[in-house]
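Chemist: Here is how the chains run, residue by residue.
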Amino acid sequence: MLQDLRHAFRQLAKSPGFTAAAVLVLALGIGVNTAIFSIVEAALLRPLPFPEPDRLVRLHEAFDQPDTRANTLNLSELTVQQWREHSGEIFTGFGAATGTSLTLGAATGTPPRYLPTARVTADFFTVLGVAPVLGRNFTAAEDKPGAARTVIIGHDLWQRQFGGRSDALGQVLLLDGTPHTVVGVMPPTFRHPYRADIWVPLAAGFDARAGRGHFLYGVARLKPGVTAAAADAAMRRICASLNAAAPDASNPVRAYIRPLREGFVADLRPKLLAIYGAALCALLVAAANFAGLLLARAVEREGETAIRAALGASRRQLLRESLAQSLLLAALGTAAGLLIATWFSPLLVALSPEGSDATGSAMREFDHAVRLNLPVFGFATGTLLLAGLGFGLLPAWRASRADLRSAMTGGGRGATLDRGTRRLLGALVVGEIAVALMLLVGAGLLTGHFRTLVTQPWGFATENRLNFKVTLDQLYPTPEARTQALDKALGEFRAVPGVRSATVTLPHPVEAARQLISNNPAGAVPPEPRGFHLAYLRATVPGYFATTGETLLRGRDFTTADNAAGQHVCIVNEAFARRYWPGKDAVGQLVKWGRLDGPRPWFTIVGVAADTKIIEDPNDGEINGTLHLPLAQVLAASVTFNEFTFVLETAVEPRSLENTVRAALARVDPRLAAYELSTMAEQVALTRVTERFALTLIGLFGLLGLVLAAIGLYGLLALQVTRRMREFGIRAALGSTAAGLIRLVATQGAWLLTGGFVFGGAAAAIAVRIARSQWPELPAASPLVFALAGLVLALAVSLASWLPARRAARVDPIVALRAE
Amino acid sequence: MIILRNIEKVYPLKGGVFYALRNISLEIKEGEFVSIMGPSGSGKSTLLHILGLHDSAWGGEYFLHGEAVHQLDKKKRFDLQKKHIGFVFQSYHLLDDLTVYENLEIPLSYRDIAKKERESVVCDVLDKFGIVGKKDLYPSQLSGGQQQLVGVARALIAKPSLILADEPTGNLHSDQGREIMRLFKQLNAEGTTIIQVTHSEENATYGSRIIRLADGLIISK
Ligand SMILES: Nc1ncnc2c1ncn2[C@@H]1O[C@H](COP(=O)(O)OP(=O)(O)O)[C@@H](O)[C@H]1O
Ligand SMILES: [Mg+2]
Numbered sequence: 000m001l002q003d004l005r006h007a008f009r010q011l012a013k014s015p016g017f018t019a020a021a022v023l024v025l026a027l028g029i030g031v032n033t034a035i036f037s038i039v040e041a042a043l044l045r046p047l048p049f050p051e052p053d054r055l056v057r058l059h060e061a062f063d064q065p066d067t068r069a070n071t072l073n074l075s076e077l078t079v080q081q082w083r084e085h086s087g088e089i090f091t092g093f094g095a096a097t098g099t100s101l102t103l104g105a106a107t108g109t110p111p112r113y114l115p116t117a118r119v120t121a122d123f124f125t126v127l128g129v130a131p132v133l134g135r136n137f138t139a140a141e142d143k144p145g146a147a148r149t150v151i152i153g154h155d156l157w158q159r160q161f162g163g164r165s166d167a168l169g170q171v172l173l174l175d176g177t178p179h180t181v182v183g184v185m186p187p188t189f190r191h192p193y194r195a196d197i198w199v200p201l202a203a204g205f206d207a208r209a210g211r212g213h214f215l216y217g218v219a220r221l222k223p224g225v226t227a228a229a230a231d232a233a234m235r236r237i238c239a240s241l242n243a244a245a246p247d248a249s250n251p252v253r254a255y256i257r258p259l260r261e262g263f264v265a266d267l268r269p270k271l272l273a274i275y276g277a278a279l280c281a282l283l284v285a286a287a288n289f290a291g292l293l294l295a296r297a298v299e300r301e302g303e304t305a306i307r308a309a310l311g312a313s314r315r316q317l318l319r320e321s322l323a324q325s326l327l328l329a330a331l332g333t334a335a336g337l338l339i340a341t342w343f344s345p346l347l348v349a350l351s352p353e354g355s356d357a358t359g360s361a362m363r364e365f366d367h368a369v370r371l372n373l374p375v376f377g378f379a380t381g382t383l384l385l386a387g388l389g390f391g392l393l394p395a396w397r398a399s400r401a402d403l404r405s406a407m408t409g410g411g412r413g414a415t416l417d418r419g420t421r422r423l424l425g426a427l428v429v430g431e432i433a434v435a436l437m438l439l440v441g442a443g444l445l446t447g448h449f450r451t452l453v454t455q456p457w458g459f460a461t462e463n464r465l466n467f468k469v470t471l472d473q474l475y476p477t478p479e480a481r482t483q484a485l486d487k488a489l490g491e492f493r494a495v496p497g498v499r500s501a502t503v504t505l506p507h508p509v510e511a512a513r514q515l516i517s518n519n520p521a522g523a524v525p526p527e528p529r530g531f532h533l534a535y536l537r538a539t540v541p542g543y544f545a546t547t548g549e550t551l552l553r554g555r556d557f558t559t560a561d562n563a564a565g566q567h568v569c570i571v572n573e574a575f576a577r578r579y580w581p582g583k584d585a586v587g588q589l590v591k592w593g594r595l596d597g598p599r600p601w602f603t604i605v606g607v608a609a610d611t612k613i614i615e616d617p618n619d620g621e622i623n624g625t626l627h628l629p630l631a632q633v634l635a636a637s638v639t640f641n642e643f644t645f646v647l648e649t650a651v652e653p654r655s656l657e658n659t660v661r662a663a664l665a666r667v668d669p670r671l672a673a674y675e676l677s678t679m680a681e682q683v684a685l686t687r688v689t690e691r692f693a694l695t696l697i698g699l700f701g702l703l704g705l706v707l708a709a710i711g712l713y714g715l716l717a718l719q720v721t722r723r724m725r726e727f728g729i730r731a732a733l734g735s736t737a738a739g740l741i742r743l744v745a746t747q748g749a750w751l752l753t754g755g756f757v758f759g760g761a762a763a764a765i766a767v768r769i770a771r772s773q774w775p776e777l778p779a780a781s782p783l784v785f786a787l788a789g790l791v792l793a794l795a796v797s798l799a800s801w802l803p804a805r806r807a808a809r810v811d812p813i814v815a816l817r818a819e
Numbered sequence: 000m001i002i003l004r005n006i007e008k009v010y011p012l013k014g015g016v017f018y019a020l021r022n023i024s025l026e027i028k029e030g031e032f033v034s035i036m037g038p039s040g041s042g043k044s045t046l047l048h049i050l051g052l053h054d055s056a057w058g059g060e061y062f063l064h065g066e067a068v069h070q071l072d073k074k075k076r077f078d079l080q081k082k083h084i085g086f087v088f089q090s091y092h093l094l095d096d097l098t099v100y101e102n103l104e105i106p107l108s109y110r111d112i113a114k115k116e117r118e119s120v121v122c123d124v125l126d127k128f129g130i131v132g133k134k135d136l137y138p139s140q141l142s143g144g145q146q147q148l149v150g151v152a153r154a155l156i157a158k159p160s161l162i163l164a165d166e167p168t169g170n171l172h173s174d175q176g177r178e179i180m181r182l183f184k185q186l187n188a189e190g191t192t193i194i195q196v197t198h199s200e201e202n203a204t205y206g207s208r209i210i211r212l213a214d215g216l217i218i219s220k
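Protein chains in written order, with numbering that gives the first Met the number 0: chain A, 0 to 819; chain B, 0 to 220.
Just chain B, same shape as in the assembly (with noise of 0.2 Å):
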């Protein structure tokens, strides 16, 4: 699913170059639970960046499912995207304005999807998440638990087949981050691909592998 071959990332600083990643070479088959762990700065962000396609000013070559990323311009990749690619936020980065309903529908209306399916689409997932009474609260409403369930949610509504998910658990407490982490396990199972980055053995024990960094470097995987 993932073909990464000798992905580098640069940041220019005032003495020259800092490397952020270097001679990363990995393979991600389909259905594979993956944790990125390393220490602090040693660039697990940004690899999941570049993975994600935020990132495009890198070097080296990326395939996802088959398409040659690092030939597509920049509306290809886009669409490449929002096709295959759900997020998990750390600090989960739901909209303080919207309902979590709302801010379950909005991936779904950057999709070109009738009003009408994404009613249903929305409903499904509440309902799957169990969080159906919770629907016309407010982010602020809700315990960082819920929060982040709420953002594994959004990060599944339009069906991604691959979810990355940045230290997910960071915010939140053993018992909330295991829920997550089980929920990763379900999904996983039903046929999703997941990259998380963490910090915490156990989470990543629930993981098929670890891919290990350190000064941008794989050490291990």
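Isolated chain A, as found in the complex (with noise of 0.2 Å):
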């Protein structure tokens, strides 16, 4: 075997221009993949990084309706007082957190700092699985209204803050103005839930009130040996025993049990498969012609074959060398793919949603930085081996068995490509047409979905506008206090030079799906057993509209008076009046916040918005419309609203005024930082990250798979049209035109073209329909999408078949038959 591939080495180094093609071609496409293939096993495939990952499970509050998040409810205080204690036959342990932000007081020198912040129960790591590399855990004595501040912090502010000193530990840090002595660091890159620099305990107050908003996320250790369906069935009796001793119809059922790590990937998984099924196509490709750079060399040298065997190779020798050589085209490909990725890997991954930390997914909360890792390392070694194997065995036979008579008296070199040969070259090229139409199609289908999401008017000004947020947490407990902050916010803000006016709302106006509202439109029945429907939350101060440049359609804007104190009123989208009162004006009726049953108050409408566009999670289900609520009257019915986004409308570029609006916040109070400062231009920039990032993967896979189907299909042709100058030759002297011999090879590139485009064209119909079961935004495949992916393929096969025709055209009839 060391002979063998001693005389392949020597023999591509004899052949410089074959062994960079098929090299060059390898390469692209292992390198395209395996880079891709490493985001894939960060994302999707590396287990939690926690002991015994799958025993882990999130719980959601459940009724009995079908299980899609919609119709479940993450925990509430109660929810986790009375599961905990009744599952201990089926759970470890059970705990819950839930996300906020604390601001890193200024009392140290430095400016005010937002930490994004988990609130924990004390068990909350033991659950998982993870200690604190540096001190310990919560105590549940901790855990408790009222006790001793304590705080374990993030490897990352660990090094910032303490310069990864020991001491750091019975240090008091400022959070929101009250001292909490760090007790605890966590491992780097652990960030677990909410991204959370910090953890406190949770401290839940389990008060019958405030205990049934659903604002828990909770996670359980599954005992060793209890499975899913075990589980479920044990939580619905503790439901059912739980309901019989105090009736309620808001009670939980069941419990939605779904694998922890589930969570995390479900919503990435069918765009991400999608981006990996691009790039496997593109592979194939790749592939598909490497093995007809391999066929054609092996036509090249069959009088060399044949020679050999004359000689006395058996067909086992001959098959061995021609294995070897494409095995060792192989390894060099693999190799300088792997270059390939180490150099695109990280350019992927900052282009991916999964680099940034505002937009990439939950799973940047553990350890999934992007690597060249083992398993990586893996899949391209595999791909390596059905590269030179697979793809390789074919042209390695047919090289052994080259027809010895044929190839011996020369008739070899100027007969015709022999049918078999020509066949399965032919059908590689149609396989590579077929390909890349479905990528193609596939970034057409992108471009256009990508296209109408970006295009459709968000309803605001974008220009202009400054915003950032703010939290209110322990600093202002109370609705008053929350509410006169930040009206003198909004004074200072507005006193600022360059700001034209200046409002605030929940949430951020490009964030509009994270608030949903529990309503039941007066008059409307409410879907059952739930008992309300959803709405988006837009709480918002008089001036709004004015400011963002929102567009009221009738009635009016809150003023001053629509306060704590004042009447319930809400505006509604058109939207949500046209479901619900059609033809009619909407101002004047009656929407209520939560159950009919429920203590919530009636809203009278006052006006009707203009509808904004708003990015939907699929997951949310159906939602009825847009309700803007009083921000005074939203914070006096809860508690739990402490994320405010301002809005200034500024006469200057927005981001020249970052430091005077800083210290315009400063003048409200110094312990305050305003976070996630941007224009409200980038903002929107921002959005649908994951659509760009695969369309514009797509859309290079299919130019890659364009260019090498092009190639494949060039190479075919060159090929055939060396091997039949003499057939050229002859039909010139015959008396065709050079417009003839064009026709000829022109003819066969259009057959394998048609060819492509059936086989292409159904698997692209089979691939949409996938893709779309899997991601349902995705709109259906247009014929134009088709025309247009067609249109391209046939413009490169033109080209790729035109300088081979051409190259037949110019065919010397003399020279060609100079055999005499």
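By construction, these hints were calculated from the structure, which means they are not laboratory data. Just so it is clear, CB atoms sit at the ideal spot from N, CA and C, and this is done for glycine as well.
These stretches of chain B come out as covered by chain A in the derived footprint (C-beta under 8 Å, 3 or more residues): (1) 47-60; (2) 74-84; (3) 103-109.
Heads up, incomplete: computed chain B residues facing chain A, CB under 8 Å, no partners named: (4) F88; (5) H92; (6) L94.
Put the two chains together into one complex, using the hints given.
Modeler: Written as structure tokens, this is what we have:
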């Protein structure tokens, strides 16, 4: 074998052009695939970095309805308390957490800084199976209202704030103005949940009134041997007995239990798989191309092979020699591919939503840095073997069976390709064209999808708008205190030179789907057993429309009289109004917050706002519109709303006001920090990153596939033209015009193209159907997309046929026929 | 029919030029059967390619059917060739992928002849050459003599007034060669002008005249 390899190496060194082409084709296919695979591995395949991660499950409250996230709720404090108490037979541990943000105080002399924070039950980390790398976990005593304040900090903060020193333990951090003692440091890259920088005890009040809010993230560890079905049955029993003890329509009927990992990857999976599918297609084209190159070479070297056979080489030996060569090429291609991957991977990650802290999936809370690790390397090697052995075998077999007689008599050199070889090469090219078409259709489809997504107007102004968030939490515990602080801040911002107007709202206008509100329009039947519809909540202050540039169609904006003490009023969007009061004026109608039998008030509609663009979460289920409520009335009803977005209309470039705006906030309260400060235009550009990423990549693969398919076709036609020079000479001598010869070659290209179109079209239709079943927002592929993709491909293929055809047309019969 | 005056053909070589043909002047009348003979490398094929209008890079004057070939552009020469000339090659040059029938059809397909008419012409010729039974076979399924028979049939099919044959029997047994020569003789009797290159004195006896070449010069005509 070593001998074979050495021989193969010499052979390849003798024809650098062929070697370079084959290695390049393989390297492109393998490199791109390895890079994508490294992302897939990090995001989808790598297990959670906890012991026995398969036993970790996420819990939701659920009713007797189909299992979609829209039909389930996060846990309430009451539920957590009850389930923790009763589920000891199926879970070894049951933790809960919620996300917030705390402001690291200016007391240290540095400006105040916003820190993403998780409030967790004392046993949260124990359930996961992670321990602080320094210090200790929270104690049960610390997880009580009124306990001494403690904090566990993330590895990053530890490095930044304390230089990684162990005396960080016992130090005091001023969080939202309250001193917290540092008791532990978490491992590097651990930021779960809510991408936290710090963790504080949940210290749930479990009081009966607030206990009904569904804001807790629940995670549990199944006892060894407990199946999902058993856990489900046990939870049903527990829920039933809890309901029997204290009957309530809003009691959950069961727990919706999913593997913990699943929750993080579910949304990402279809998109990543679509991207990966495209990458795989590109690899297929590359591999087919590689096989085509090998085959063409086998044909060209037929004479030599025949001589070898005549000198006594057995078929096995010939086969082995060819295989050695293709394996050597595959190895070179893989090495070059890995080089491409090491260069391409970071680029991809930077480009991908996964690379962005702002938009990446929850997987970024764990150790999921993308790298070329063992599984990735294994993948590349597997691909190598597939390409080298699988696709190399065919040409090798072909070479080993070279027809001695015809090859030796010289007839072989001049003769046209034999039917079998031609068919094989043709099939490869048809396959390449088909896959390229599929890729192009995918790219076209995504482009169309993406265009409709981004060209749809937002419905609010994006130019000259500065926005940032401020969290008011423990520093301002009451609704009154929060309302006052927000008012004071608005006054300060409005006084800043360059600011035309200012408003505050929640949630951020671009993240409208973040906050859902349960509601019942008067006269409409609520879906049972849930008992309410869901709308997007928009909490605003008077002047919101003027500052954001949204449109109030009818009625009035909120006024200062619409405060906590005032009459409950709301503004609905057009979709909401049209749905419940078609053809009538919605102004004056009533909408209830929450269940009809719940404690929340009825709101009177005072205005109708134009619809705005909202990036929906497909898991939310049916949404009946947008409800604007006065911020003061929202705060009075629930203290869980603590993150506010300020929007400032500016007369100057918004970014230029950053420092004066921060100073204005400091005048309100130096302990507050403005975070995620950016312009509305920037914010809007950050949306749809996943789609953008998918589009970019699939487009890229489409291009790669297109180029490779064109090269493949060119190679085949060029080889055939070489082989058919004599035929062309004869035809020219018999009276064929140059155009006739071109037609001859072009016809062949056209046949291959047609074959590719037929198979590719069918495959693309199937692929689109599969993609849509996984990624429902995707539109159906229009005939236009197919036509455009076909046109692009046809152009490339025409070019690829043109060059060999031109050569055929220039045949000189005297030269071609000089076999005489 | 053919008048050549001072035809010369040069190939550029490293050290200067090489005269493949020099000072060729000659007249061939309609209905002649001419054999060109001479040692290998004497320029026979070169001359035939010039006569056949494959080659256009030569000096001198060439009149074919009264047309001054040396003054015609490419397109006109091509038309002239299609109208008047048929070729027979030493190694037959049939197309391996096409059946006998399809091979015969090629020249017609290049001459804008309707499908229906082509069919009758091809059938005529198949009949005349006695190869109707072979019409669906591929060249590889025929003996050399049969292949050359098809080659001659193909040269003839577009009814040229002049047939050029470069060593048509070079690859054949003498029996098969004789058959081709008898065929040429018959065609010549029916009025087709024939110019063949041959090494065989026997073959030359079928013709009416011999032109001998050596080193690119005519040494007898
Ligand atoms: N393309 C060419 N370049 C240079 N010399 C050539 C070329 N073609 C033919 N010759 C030379 O011209 C001479 C005549 O060739 P040819 O007409 O084929 O001879 P033959 O009489 O054997 O048919 C030969 O010496 C040959 O080597
Ligand atoms: Mg010759």
